[in-house]
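Throw the hints in and build the complete structure from the sequences for me.
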Amino acid sequence: MYRALLEPYQHQRSAIHRLSAGVKAGGALAFVLAIVLLPRASWTAYGTGAALLLLLAGLSRIPPTALARRLLLVEPFALGVALLSLLQPNGLMVFAATLTKSTLCLFCMVLLSGTTRFSALLRVLWRIRVPSLLVTTLALMHRYLFVLVDETGCMMRARRSRTFTRDRASAWRSSASVIAHLFVRSSERAERIYAAMCARGWKT
Amino acid sequence: MNALEVRDLAYRYPDGTDALQGIRFEVAEGERVGLIGPNGAGKSTLLLHLNGLLPEHPAAVPAVHVLGSPVAEPHLAAIRARVGLLFQDPDDQIFCPTVWEDVAFGPLQLGLHGAGLATRVEQALEQVGLRGFDERLPHHLSRGEKRRVCLAGLLACEARLLALDEPTSDLDPRGRRELKGLLESLPVTQVIATHDLELVVELCPRVIVLDRGAVVAQGPTAELLADEQLMLAHGLERPHILRHRHPH
Amino acid sequence: MHIPDGFLDARTAVATGVLATAGLGLALAGVRRTVPPRRIPLIGLAAAFVFAAQMLNFPVAGGTSGHLIGAVLAAVLLGPSAAVLVMSAVLILQCLMFADGGVTALGANLFSMALVAPAVGYGIYRLLRRLVGEELRGRLFATAFAAWCSTVAAAISCAGQLALSGTVPLRVALPAMGGIHLLIGLGEALITTLVVAAVARARPELLLEQTEPRLQPRYGELAARGVLVALGLAIFVAPFASGWPDGLERVAATLGFEHRGAATPVLAAPLPDYQFPGVGSAALSTVIAGVAGTLVAFGLAWLLASLLTRPSGTRAHPGGRGDVPGVSRAA
Chain H
1 MYRALLEPYQ
11 HQRSAIHRLS
21 AGVKAGGALA
31 FVLAIVLLPR
41 ASWTAYGTGA
51 ALLLLLAGLS
61 RIPPTALARR
71 LLLVEPFALG
81 VALLSLLQPN
91 GLMVFAATLT
101 KSTLCLFCMV
111 LLSGTTRFSA
121 LLRVLWRIRV
131 PSLLVTTLAL
141 MHRYLFVLVD
151 ETGCMMRARR
161 SRTFTRDRAS
171 AWRSSASVIA
181 HLFVRSSERA
191 ERIYAAMCAR
201 GWKT
Chain V
1 MNALEVRDLA
11 YRYPDGTDAL
21 QGIRFEVAEG
31 ERVGLIGPNG
41 AGKSTLLLHL
51 NGLLPEHPAA
61 VPAVHVLGSP
71 VAEPHLAAIR
81 ARVGLLFQDP
91 DDQIFCPTVW
101 EDVAFGPLQL
111 GLHGAGLATR
121 VEQALEQVGL
131 RGFDERLPHH
141 LSRGEKRRVC
151 LAGLLACEAR
161 LLALDEPTSD
171 LDPRGRRELK
181 GLLESLPVTQ
191 VIATHDLELV
201 VELCPRVIVL
211 DRGAVVAQGP
221 TAELLADEQL
231 MLAHGLERPH
241 ILRHRHPH
Chain P
1 MHIPDGFLDA
11 RTAVATGVLA
21 TAGLGLALAG
31 VRRTVPPRRI
41 PLIGLAAAFV
51 FAAQMLNFPV
61 AGGTSGHLIG
71 AVLAAVLLGP
81 SAAVLVMSAV
91 LILQCLMFAD
101 GGVTALGANL
111 FSMALVAPAV
121 GYGIYRLLRR
131 LVGEELRGRL
141 FATAFAAWCS
151 TVAAAISCAG
161 QLALSGTVPL
171 RVALPAMGGI
181 HLLIGLGEAL
191 ITTLVVAAVA
201 RARPELLLEQ
211 TEPRLQPRYG
221 ELAARGVLVA
231 LGLAIFVAPF
241 ASGWPDGLER
251 VAATLGFEHR
261 GAATPVLAAP
271 LPDYQFPGVG
281 SAALSTVIAG
291 VAGTLVAFGL
301 AWLLASLLTR
311 PSGTRAHPGG
321 RGDVPGVSRA
331 A
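The listed protein sequences derive, respectively, from chains H, V and P. Last residue of the first sequence? That's 204 in my numbering, and every number before it is there in order. Last residue of the second sequence? That's 248 in my numbering, and every number before it is there in order. Last residue of the third sequence? That's 331 in my numbering, and every number before it is there in order.
Be aware that a few hints might be false.
[What the hints assert, rightly or not] Examples of chain P residues toward chain H, derived with CB under 7 Å:
id, residue
1, L28
2, G44
3, P59
Just so you know, the hints here were simulated from the structure itself, not pulled from any lab data. Built from N, CA and C at the ideal position, the CB exists for glycine as well.
Right under this line is the structure:
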């Protein structure tokens with residue numbers, strides 16, 4: 001699910017991409033806050049917001065299919081919960097407003113993540129004085145995410161080549177053992193990273 | 001003053017097995033020395049002693065001296081700037097989000113900022129042939145490029161002794177050629193632990209053979225590596241480059 | 001369980017934001033105090049690990065599959081403070097880069113999945129460990145039941161947040177979210193326990209108590225954390241716990257919340273699956289279903305732990321090279 005569908009587009013050079021990460025993040029936050037705080041029936045406002053986002057999306061030159069795919073990935077949960085809201089008087093209004101709000105905000109965040117690199121967002125967090133331990137954790141997590149995902153893929157393929165039964169129990173056991181090995185390898189790698197940090201003078 | 005002096009270095013793993021015994025050798029400034037031996041000989045363990053990562057608890061008498069200073073407190077911070085250790089897996093060494101930040105990590109710890117820092121990083125990247133790689137993400141780099149980023153990080157600290165752990169493993173022929181050329185061009189002292197015997201012949205006039213934690217031979221590369229008996233006795237072999245010498 | 005933007009009202013979002021910030025702050029302080037510097041990189045790696053582990057499929061039935069959440073796994077392997085930090089990092093990344101979970105709902109999501117889930121899970125884990133002792137079977141049982149409880153607790157928190165915002169009435173949200181997660185929790189319990197068992201087989205030293213605070217527990221801090229979680233849960237669950245069908249309005253009137261469009265919840269029948277035949281009140285039947293679910297989960301957890309620690313197939317792991325940093329096993 002998290003195959004970073006928009007990562008290939010983060011390196012483009014559109015007008016939006018070139019804006020500073022702080023501006024983009026701040027703008028996205030402002031937009032989301034505005035939409036969320038609007039009274040439920042502000043349909044004209046929603047329309048304006050949608051138009052604005054479509055304009056920005058066009059300027060960003062990210063293929064609309066990629067954006068649509070990202071949007072559709074997260075919609076199901078929103079849809080599911082929104083459906084539950086029907087079960088009350090005035091439910092239809094709540095349902096429609098909630099779904100509209102969440103789709104608009106979703107689109108906004110998808111645009112943000114498609115035009116901004118996580119490393120740039122981290123620098124913004126650092127500047128606004130988010131605790132360094134949290135920023136370091138986020139940075140290391142992002143850095144090694146792809147390494148671990150690749151390792152997981154390798155291990156799953158290796159397991160599957162040695163599995164001759166198709167039953168669920170063995171699928172569960174092999175997934176679990178892959179996760180366990182991933183943890184062990186991650187622990188060992190963390191030790192080596194610590195050594196590499198010390199080797200370059202990391203002051204703890 | 002020698003770049004590196006090792007006198008009677010011994011080390012035991014936490015579970016009690018002997019890793020290194022009675023290691024004794026010197027490396028002059030500007031020299032390139034190969035460190036070879038079978039798997040498990042203790043090459044990596046030895047390298048970790050060169051910047052004080054090992055032993056975990058400082059010995060009473062420091063066995064290793066780098067550029068005249070013992071590898072022990074209170075010299076450790078300075079030693080770690082002078083000794084650049086290249087780890088086997090570049091993914092362990094590149095831990096920052098972008099190339100620029102990773103190369104800048106070392107100098108930052110040393111207290112550089114602003115324009116001075118930027119210049120240092122730029123020069124290091126230039127030296128390894130990675131100009132313009134500032135904003136690249138580590139996981140988008142090839143293996144060879146990652147190795148060069150690691151080297152840039154060490155050069156940015158103005159390391160005077162490079163300790164390299166298997167620098168050409170996992171590299172394709174082009175990556176290997178580029179790295180070899182790079183190492184050749186760097187005037188710093190180098191200790192290269194490797195299985196790549198051809199690299200040793202091409203780069204290192206002197207070689208140290210390690211087996212089961214002890215130095216079993218050290219001397220001129222051409223002589224030792226051509227000694228088939230010695231090579232085979234210690235889990236190695238005579239490299240091809242020395243087998244088929246064509247008169248020019 | 002990630003609530004998107006637009007589902008929560010301002011009050012709930014802000015309140016949970018404050019609680020989440022406080023909880024995360026406490027966890028950061030806890031990590032700085034109890035985790036030695038050499039294990040700091042491990043927390044970042046663990047966050048990446050949880051993220052990667054969440055991507056693995058556990059086939060359930062007919063093409064659907066379950067996924068790990070990982071709160072209790074992180075707590076058992078790394079300790080509670082680190083687990084809060086790990087889960088927070090994962091949720092923040094998911095929110096910012098994958099739009100999974102709204103920005104305005106980040107506080108609420110952090111509260112449910114990065115505070116309630118690890119706190120409840122770890123609390124129950126420690127409680128049970130004290131009762132069942134040191135051996136592996138007891139540990140696995142504690143892990144299994146704790147994982148189930150943490151999932152259900154997070155779901156209850158989520159349902160409460162939705163209800164307080166007036167988006168979904170509590171009598172619908174609680175059975176729906178809570179009910180589904182009674183089942184999903186079983187999957188979480190199973191996966192978490194299988195993983196812990198596998199780690200125990202491969203590298204038992206990683207499960208040693210060194211991950212827990214070695215210092216005297218700071219009772220002040222423990223109390224603060226407990227109050228935080230309790231307060232948050234109370235706000236969301238109290239209306240229901242009062243047992244009256246109109247408990248929510250009563251609380252709303254007392255606290256001065258303005259009535260949303262869906263002011264007076266007419267007694268809409270909740271999803272019939274979660275009602276016991278013959279029991280009239282919807283609220284009471286949900287409670288009974290919850291209690292029954294808990295007992296079933298308890299029993300299943302014990303069964304699982306026993307199955308995993310049957311005498312056959314346990315290999316002792318020979319002592320490895322230990323904690324020498326950076327030493328590759330090949331050279």
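For each hint, the structure was consulted:
1. L28: holds (5 Å)
2. G44: holds (3 Å)
3. P59: At 5 Å from the nearest chain H Cβ, P59(P) passes the 7 Å test, so the hint holds.
Of the hints listed earlier, there is not a single one the structure fails to meet.
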